[in-house]
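I would like the entire structure built from these sequences, with the hints used as guidance.
Protein chains in written order, with this note's numbering: chain A, 1 to 285; chain B, 1 to 556.
A few of these clues could be false.
What the hints assert, rightly or not - Pair by pair, the computed Cβ-Cβ distance ranges are: (1) I176(A) to S327(B): 30 to 36 Å; (2) E259(A) to I38(B): 56 to 62 Å; (3) T118(A) to I26(B): 27 to 33 Å; (4) R107(B) to H200(A): 22 to 28 Å; (5) L24(A) to S327(B): 40 to 46 Å; (6) V529(B) to I176(A): 14 to 20 Å; (7) L24(A) to A495(B): 50 to 56 Å; (8) R21(B) to L24(A): 31 to 37 Å; (9) G22(A) to S124(B): 41 to 47 Å; (10) G22(A) to I26(B): 22 to 28 Å; (11) I176(A) to L232(B): 35 to 41 Å; (12) F43(B) to L24(A): 35 to 41 Å.
Hints are computed from structural coordinates only; laboratory data are not their basis.
Each residue gets a CB set at the ideal place from its N, CA and C atoms; glycine is no exception.
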Amino acid sequence: MNASAPIAAPAIATEHLTRRFGDLIAVQDVNLRVAPGQFFGFLGPNGAGKSTTIKMLTGLLAPSSGRMQILGIDLTQDSVEVKRQIGVVPEGMALFGRLTGSEYLNFVGRMYGLDRVTAAKRTAELLDFMQLVDQPKALVTDYSHGMQKKLALAAAVIHGPKILFLDEPFEGVDAIASNTLKSMLQNMIARGATIFLTSHVLEIVERLCSHVAIIHRGQLVAQGSLEELRAGVEAQAAAALNAAGAPHEIDSSGPAPGEKLTLEQIFLRIVGGTRRADQELSWLG
Amino acid sequence: MAGLTFSPEIRGQFSAIARVRWQLFINSMRTIRGRMEIVARGFTFLAFGMAGIVGSIGIGFAAWYFIYSGKVDWLPVLLWPVFLFWQLVPVMASAFTENVDSSNLLRFPLSFPSYFLIRIAYGSLDPSTVMGSLWLLGMTVGIAFASPVLFLSAAPVLLLFAVFNILLARMLFTWAERWLARRKSREILGVLFLFMVIGFQFIGPLVRHYGNRSHQPAVSRVFAEGLPIERLLPPGLAGQTIAHSLHGEYASALGSFALLCGYALVVLWLLNLRLRAQYRGENLSEALARTAAPAAAARQQIRLGWSIPGVPGAVSAVLEKEIHYLSRSGPTLFTLVMPVVVLLIFRLSPGKSDGAGGLLGHAADLAFPLGAAYTLLILTNLVYNSFGADAAGVQFYFVSPVRFREILLGKNLTHSLVLVVEMVLVWVGASLMYRPPPWEILLATVTGVFFALVVNLTAGNLFSVYTPKKIDLGALGRQRASQVTALVSLGIQAAVLGLCALAILLARAFHHIWLAAIIFVALAAVAIVIYFLVLKRIDAIALQRREAMIAELCRA
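This is the structure in structure tokens:
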């Protein structure tokens with residue numbers, strides 16, 4: 001896999017980023033580079049280190065070693081300035097359950113330094129956009145999971161961040177809201193923002209993201225544009241074929257003749273997660 | 001229930017449920033916190049068990065006395081409290097906990113009789129059921145000692161009364177389940193429960209008031225009119241059945257017994273009706289209430305956030321958020337009215353000699369300082385665990401561009417504001433119920449409380465970061481800060497109290513109480529310097545502690 005071409009001031013850059021939990025190395029030696037304006041998908045199987053990485057990049061977790069720069073600013077040196085430039089939807093959504101939706105957004109806006117009028121105005125616009133105006137008096141704790149997710153997303157963008165970090169943003173969100181969110185994110189990209197998202201729904205990542213990185217067992221195993229990743233996987237497959245002299249067994253994760261590899265196929269080839277279902281659980285109806 | 005057969009499949013299901021509950025219990029002991037929880041529960045169960053046994057002996061003795069002295073008609077006096085306790089406590093206790101989601105069981109191929117039995121069995125170890133059963137057992141033994149012959153008729157009646165209570169408690173719970181599934185309903189019930197607890201404090205004064213000879217005719221009239229109705233209700237019927245048996249009025253005894261059976265059957269039918277509805281898929285759990293269809297769409301009016309002159313925007317945003325939180329927490333609001341209520345209870349309690357002025361009758365000037373000290377004590381829980389109610393929201397503080405010192409400043413400002421309001425209320429209460437405190441006591445109290453507040457805020461900020469504990473401001477019970485924090489805060493209160501006592505003793509030695517105020521101001525000045533030193537360091541400490549804080553506060 002080729003890394004992206006070097007960019008003078010990357011939106012996100014990490015050098016040898018490592019995080020240990022006792023004996024467990026959750027993230028090891030990760031060197032990420034995300035250019036400004038990229039829609040970047042950060043993928044990996046469960047427990048690969050995605051959330052740990054995103055937590056380190058947003059200041060929720062300290063790295064054991066390595067460096068992180070956001071928009072050229074060292075996160076450990078000037079975290080407050082970095083936080084002004086980013087928006088985050090963390091794993092736990094960071095909501096305050098006993099506020100109403102509008103109170104929460106108003107509060108978040110003011111914590112990001114918006115004046116009272118702007119915070120109130122954007123709160124109204126975001127609630128309307130996210131279709132959360134129906135229950136003005138309901139507390140956030142009484143929202144459904146999907147509504148909470150939409151509110152967390154609204155809170156992450158209220159200050160107009162230059163970089164948006166999203167951990168599984170589409171999980172539990174209905175199709176209508178998901179569509180609205182996607183168009184909102186694409187508009188943000190069109191206006192020059194950078195988006196860094198993790199998701200298990202590879203179809204969404206493939207549709208939205210221009211660049212992707214794959215982390216597996218704490219290590220970055222692939223990084224680049226979708227085309228670069230596809231070319232890399234196909235080159236590897238061709239090399240393996242030449243070395244063996246004959247095709248191995250039929251690979252179900254491969255594309256149909258004349259079709260391009262999907263992101264799911266690329267992911268499965270890189271991570272090596274295919275399993276022959278016909279050989280297992282024979283008792284299933 | 002006719003189809004109830006214990007086939008191997010049903011036996012397997014029952015044992016699987018028992019095994020999974022046992023496994024959950026064992027797994028809960030994997031962490032220190034879990035083990036402490038189990039120990040605490042063990043103590044609670046022991047306390048309830050003791051209350052059950054002691055109550056059982058007391059009720060047994062009373063039953064023996066009523067039969068022995070020919071006052072068998074008084075048995076309902078014992079049965080009514082048992083009945084009320086059995087029925088009220090489980091519903092009230094549900095305010096403290098999330099309800100068991102019965103739909104979890106319905107995923108499995110359970111027959112309705114099995115489901116019915118499991119739902120009944122789920123409540124069989126409730127404290128109210130255990131205690132109620134023990135009390136009725138004690139009553140049966142007491143009756144048997146007084147009249148062995150009467151035991152033969154009393155035992156089935158009391159057994160039926162126990163079955164009726166078990167069925168009624170489950171029936172009330174299943175019918176109230178939909179309502180209780182809503183967070184707001186549980187909170188309302190919780191506050192009602194707390195007011196009931198306060199109400200108990202006024203029983204003594206009220207009994208004394210209405211026990212006067214001037215009120216006796218009215219009280220007797222109420223009893224006379226209420227007695228026929230009471231005899232038609234289950235506790236009255238159970239008592240009547242035993243009384244008729246003792247007097248040899250077997251036809252009347254059978255009639256009362258049949259009526260009691262009728263009550264039990266009606267309750268059984270109602271319970272069956274509700275459980276059948278649930279069995280068919282009517283989900284009454286918490287999850288459904290949360291995802292219920294929204295009310296009619298309403299455009300919301302966005303109002304501007306608070307603006308406090310001289311206070312930075314982020315600090316006033318935190319202050320506003322904290323006030324919203326406190327105003328929506330029934331239990332917290334309840335604790336905040338307690339200082340005035342305590343003064344009222346003191347006022348209504350009998351004095352040492354003539355009863356005038358209540359417990360503080362001879363030291364009315366102390367009402368304000370005592371109320372103020374109590375106010376400070378009840379604020380400790382909030383001050384020493386400032387992030388407890390934020391739960392997962394604490395993550396926001398770490399990703400926002402606001403320093404922790406500003407966040408804590410906002411929280412401290414809120415707590416100080418609450419204290420000021422409380423102090424004013426206590427002053428008004430003390431002035432109305434006793435007399436306005438003399439100016440030198442007022443001055444010494446205000447300065448003393450100010451010194452204590454600064455000390456507590458300083459320590460509270462550190463403990464909020466070092467040993468946070470997730471709490472739900474809307475729920476009751478187990479909402480305390482961590483054990484470590486509780487112990488240390490106790491030590492700090494003792495030290496502060498010691499210093500205050502020393503200052504007052506010194507001032508008294510010079511016959512000028514206002515001297516204490518000067519000492520307090522000096523102490524507060526030192527405390528303020530330490531407060532700001534801690535605040536300066538708090539960002540670094542919070543960053544260093546962020547993982548532990550997030551792990552504890554984001555815990556499910």
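Hint by hint, here is what the structure shows:
1. The beta-carbon spacing between I176(A) and S327(B), approximately 34 Å, falls within the hinted interval of 30 to 36 Å.
2. For E259(A) and I38(B), the hinted distance range of 56 to 62 Å is satisfied, since their beta carbons lie about 58 Å from each other.
3. Here the CB-CB span from T118(A) to I26(B) is close to 54 Å, at odds with the stated 27 to 33 Å.
4. Between R107(B) and H200(A), the C-beta spacing of about 25 Å keeps the proposed range 22 to 28 Å intact.
5. Separated by about 44 Å at the C-beta atoms, L24(A) and S327(B) satisfy the suggested range of 40 to 46 Å.
6. Taking the beta carbon of each, V529(B) and I176(A) are about 57 Å apart, not inside 14 to 20 Å as hinted.
7. Between L24(A) and A495(B) the Cβ separation comes to about 42 Å, which falls outside the hinted range of 50 to 56 Å.
8. Separation of R21(B) from L24(A) is about 32 Å and conforms to the stated range, judged on CB atoms against 31 to 37 Å.
9. For the hinted restraint 41 to 47 Å between G22(A) and S124(B), the CB-CB distance of approximately 43 Å keeps it satisfied.
10. Under the hint 22 to 28 Å, the C-beta atoms of G22(A) and I26(B), about 25 Å apart, fit the expected range.
11. Taken as a hint, the range 35 to 41 Å is violated for the pair I176(A) and L232(B), whose Cβ atoms sit roughly 58 Å apart.
12. Between F43(B) and L24(A) the C-beta distance comes to about 37 Å, which sits within the given range of 35 to 41 Å.
Checked against the numbered hints above, the structure breaks hints 3, 6, 7, 11 and satisfies the rest.
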